[in-house]
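Trainee: If you want the building blocks of each chain, they are given just below.
There are 2 protein chains.
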Amino acid sequence: MDPAVPLTPEACMAADANDPLRRFRDEFILPAGVIYLDGNSLGARPAAAAGVASRVLEQEWGTGLIRSWNTAGWFDLPGRLGDKVATLIGAGPGEVVVTDTTSLNLFKALAAALHLQKSADPARKVIVTERDNFPTDIYIAEGIASFLSQGFSVRLIDAELPLEAALGPDVAVVALSHVNYRTGSMWDMGATSSSIHKAGALAVWDLAHSAGAVPVDVVGSAADFAVGCTYKYLNGGPGSPAFVWAHPRHQDSLWQPLSGWWGHARPFAMEDSYAPAPGIARFLCGTQPILSMALVECGLDISIAAAAAQLREKSLALTDLFISLVDARRGEHPLELITPLDHARRGSHVSYVHPEGHAVMQALFARGIIGDYREPGVLRFGITPLYLGHLDVWHAVDALFDILDNRLWDSPEFHTREKVT
Amino acid sequence: MDPAVPLTPEACMAADANDPLRRFRDEFILPAGVIYLDGNSLGARPAAAAGVASRVLEQEWGTGLIRSWNTAGWFDLPGRLGDKVATLIGAGPGEVVVTDTTSLNLFKALAAALHLQKSADPARKVIVTERDNFPTDIYIAEGIASFLSQGFSVRLIDAELPLEAALGPDVAVVALSHVNYRTGSMWDMGATSSSIHKAGALAVWDLAHSAGAVPVDVVGSAADFAVGCTYKYLNGGPGSPAFVWAHPRHQDSLWQPLSGWWGHARPFAMEDSYAPAPGIARFLCGTQPILSMALVECGLDISIAAAAAQLREKSLALTDLFISLVDARRGEHPLELITPLDHARRGSHVSYVHPEGHAVMQALFARGIIGDYREPGVLRFGITPLYLGHLDVWHAVDALFDILDNRLWDSPEFHTREKVT
Numbered sequence: 000m001d002p003a004v005p006l007t008p009e010a011c012m013a014a015d016a017n018d019p020l021r022r023f024r025d026e027f028i029l030p031a032g033v034i035y036l037d038g039n040s041l042g043a044r045p046a047a048a049a050g051v052a053s054r055v056l057e058q059e060w061g062t063g064l065i066r067s068w069n070t071a072g073w074f075d076l077p078g079r080l081g082d083k084v085a086t087l088i089g090a091g092p093g094e095v096v097v098t099d100t101t102s103l104n105l106f107k108a109l110a111a112a113l114h115l116q117k118s119a120d121p122a123r124k125v126i127v128t129e130r131d132n133f134p135t136d137i138y139i140a141e142g143i144a145s146f147l148s149q150g151f152s153v154r155l156i157d158a159e160l161p162l163e164a165a166l167g168p169d170v171a172v173v174a175l176s177h178v179n180y181r182t183g184s185m186w187d188m189g190a191t192s193s194s195i196h197k198a199g200a201l202a203v204w205d206l207a208h209s210a211g212a213v214p215v216d217v218v219g220s221a222a223d224f225a226v227g228c229t230y231k232y233l234n235g236g237p238g239s240p241a242f243v244w245a246h247p248r249h250q251d252s253l254w255q256p257l258s259g260w261w262g263h264a265r266p267f268a269m270e271d272s273y274a275p276a277p278g279i280a281r282f283l284c285g286t287q288p289i290l291s292m293a294l295v296e297c298g299l300d301i302s303i304a305a306a307a308a309q310l311r312e313k314s315l316a317l318t319d320l321f322i323s324l325v326d327a328r329r330g331e332h333p334l335e336l337i338t339p340l341d342h343a344r345r346g347s348h349v350s351y352v353h354p355e356g357h358a359v360m361q362a363l364f365a366r367g368i369i370g371d372y373r374e375p376g377v378l379r380f381g382i383t384p385l386y387l388g389h390l391d392v393w394h395a396v397d398a399l400f401d402i403l404d405n406r407l408w409d410s411p412e413f414h415t416r417e418k419v420t
Numbered sequence: 000m001d002p003a004v005p006l007t008p009e010a011c012m013a014a015d016a017n018d019p020l021r022r023f024r025d026e027f028i029l030p031a032g033v034i035y036l037d038g039n040s041l042g043a044r045p046a047a048a049a050g051v052a053s054r055v056l057e058q059e060w061g062t063g064l065i066r067s068w069n070t071a072g073w074f075d076l077p078g079r080l081g082d083k084v085a086t087l088i089g090a091g092p093g094e095v096v097v098t099d100t101t102s103l104n105l106f107k108a109l110a111a112a113l114h115l116q117k118s119a120d121p122a123r124k125v126i127v128t129e130r131d132n133f134p135t136d137i138y139i140a141e142g143i144a145s146f147l148s149q150g151f152s153v154r155l156i157d158a159e160l161p162l163e164a165a166l167g168p169d170v171a172v173v174a175l176s177h178v179n180y181r182t183g184s185m186w187d188m189g190a191t192s193s194s195i196h197k198a199g200a201l202a203v204w205d206l207a208h209s210a211g212a213v214p215v216d217v218v219g220s221a222a223d224f225a226v227g228c229t230y231k232y233l234n235g236g237p238g239s240p241a242f243v244w245a246h247p248r249h250q251d252s253l254w255q256p257l258s259g260w261w262g263h264a265r266p267f268a269m270e271d272s273y274a275p276a277p278g279i280a281r282f283l284c285g286t287q288p289i290l291s292m293a294l295v296e297c298g299l300d301i302s303i304a305a306a307a308a309q310l311r312e313k314s315l316a317l318t319d320l321f322i323s324l325v326d327a328r329r330g331e332h333p334l335e336l337i338t339p340l341d342h343a344r345r346g347s348h349v350s351y352v353h354p355e356g357h358a359v360m361q362a363l364f365a366r367g368i369i370g371d372y373r374e375p376g377v378l379r380f381g382i383t384p385l386y387l388g389h390l391d392v393w394h395a396v397d398a399l400f401d402i403l404d405n406r407l408w409d410s411p412e413f414h415t416r417e418k419v420t
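Listed in order, the protein sequences are those of chains C and H.
Each step along the first sequence adds one to the number in numbering that gives the first Met the number 0, with nothing skipped, and position 254 is 253.
Each step along the second sequence adds one to the number in numbering that gives the first Met the number 0, with nothing skipped, and position 292 is 291.
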């Protein structure tokens, strides 16, 4: 065990007192009595959100009405917020838009990649993705391949078929999640994009579990496309719109089939034929949910204000602490760590498999420790350095072992299954 | 002129005093000094919206956090709101979901229609739509046809190629807007769907300008699919999510390519292959903007509380009044009505072409009369019977003629072009 990891509550308190990110905790409003370890699923509410919501509701919608498209800058919102996301993922201004959902943006990115390959090498018709990817990414790839038919297909990589073995001359595009939603393991984006390119394919990255959580450098990694989510580590609010990025080398040759009015070159000329707007704006489609989108800015501004290096350092310190605390108390409990120990391969959450994982998580919920459960048997604990401290982690692990040591999960109330956990 | 149309302000006031829908005006908060004739573009703010927004923000997001997927019913929202939309468009429970944007839902509906034709008659590869349709509908049809290539194409109908002439044996699907966004003219949905079916094609209706504005009976009209908007006459808030309906005869054979997690049969089993949820739920894709979606309910509840017949009667009375007041004062002004006089063919807005339409609308804006402008030269006045009265219409037309009679539009300040009007 790393001797630098503080394992007592006193040492945790001391570490929190010296935490250079401590002030960001006050930018969020969290309920009393809760330790929130699910910021990787839905981020906490920024204190600024209430003011923005009331401004959009009362001034922009209520008073400005239709005029707010101009006067409140609604029309510029996807690009303006996109520029802020860009600073967090190593992209440049004008390269990102905030719009639609991660699933839909992945559809656009995959379709755009297939379109590029159609001229470059039309025999390439396979979309490669991971069997352990977040399922919606697989479903979207399946949807595109089925829709196109004509030999298009999806190939899943896993332990049996590692990435290198999957990259045949038939592969058009590879879609990977930078950080795995279940295990928290992270790809090396630069090296992997380079392998994909050497094999003649294009690289699409899903940043849902990395934007705002780990260092991301899409341009430096020479990735082709990236999509991601604003409601996890970026704290944009439930279901807030997602983002999409394309490398500058592609931006003016992009085409994607979800071609709606907002992506038109002259959206108010009411032309009867589609002409794409310059660059990434052609990834816009229909009218966006302005209220949910406006709130994205609150979370983005906090992430931008925090130093990226300090965020990563604290995230690793807290995930190390979690793992060390569990190691110290694990004993004979069937608790298997599935998150990489190697810092270079670890995202910002820690996951364990336990045969009674679902009931254990329900028992944690009952005492205000909110992580989440993922099939099969995975207890997942999100570590959000913006609003969590060392002592929070200590309390969470202490509660976990109180539940495990005393079999408190073995109670009927913790064995009901709700739809979403 | 119809002698029943009250043309004096006194007669308008008397008509307002007897208006059975008058109490619904109080359900909305409108800015002082504004007559809002653009509810066909962005509906007014329901008074209840602030309370719902604060509940979602503070209780559901802030306190419930991730638990709100269950405890606040987020997961059920698209279907629960869909059931409310269903009552307004003649559909049954379980037939509609609220989700994504109108453009994206049209993409899904067209793709589903093409998928049905693929088994029924694979030679049918043409999507027919209107040259004068809302442009995004054309762009989406183009996007699908280009993406599929292999002979798929879009055919535009207009005066040169009327609907009947366009319906050859190659037509798979016809996508029409029930009420035209520009002229306000309305198709006979039943008769037209029947013609489309006789020609072997499927009928997709865009209800953006009809849901909440005119009587709609999608099941009675035997339509195949319908999509629509909640932020216009349904007052859901800027860019609030759209809806999609499929006829019960199709619901279990539906397939569409935007196949995301929320449309999966077992979304939390994290399976590595897509299996569609039963019925219309398979039109769901990614995670929805909960705050923007929750607000949709405020507007829906008002529309449901108002009697549909009274809404239609008042809408026609007010559009008649608008037209009669203009007729009485038109004189030599080059103001051409492009909205049908026939009630059976009229939606709930009134449009005139004027060579200086853009400047005229800017001059109206400047005195708080908010209609909107659409290329080319169209002054568009939305008539929302829920919150407009006869006297509002009288004042609007009076202001219009003050501007026209005195050439007040002919001032440099009214000749700047903003991005959105």
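Hints may contain errors.
Copies of the same chain are indistinguishable here, so a pair counts whether it falls within one copy or spans any two.
[To be verified] Derived SDA-like pairs (lysine to any residue); straight-line CA-CA distance at most 20 Å:
1. 124 with 168
2. 124 with 270
3. 124 with 167
4. 124 with 149
Rather than coming from a laboratory, the hints here were simulated on the basis of the structure.
Keep in mind it's a predicted model, so treat the numbers as computed, not measured.
Trainee: All hints are to be evaluated individually against the structure, with a verdict given for each.
Mentor: Hint check:
1. For a Cα distance limit of 20 Å, the shortest separation of residue 124 from residue 168 inside one copy, 9 Å, qualifies, whereas the shortest one across copies, 31 Å, does not.
2. In this homomeric assembly, residue 124 and residue 270 never come within 20 Å of each other (Cα to Cα): the closest approach is 33 Å inside a single copy and 23 Å across copies.
3. When the C-alpha separation of residue 124 and residue 167 is checked against a cutoff of 20 Å, the pair qualifies only within one copy, where the shortest distance is 11 Å, while the shortest distance between copies is 33 Å.
4. In this assembly of identical chains, the alpha carbons of residue 124 and residue 149 lie at most 20 Å apart whether taken from the same copy (9 Å) or from different copies (15 Å).
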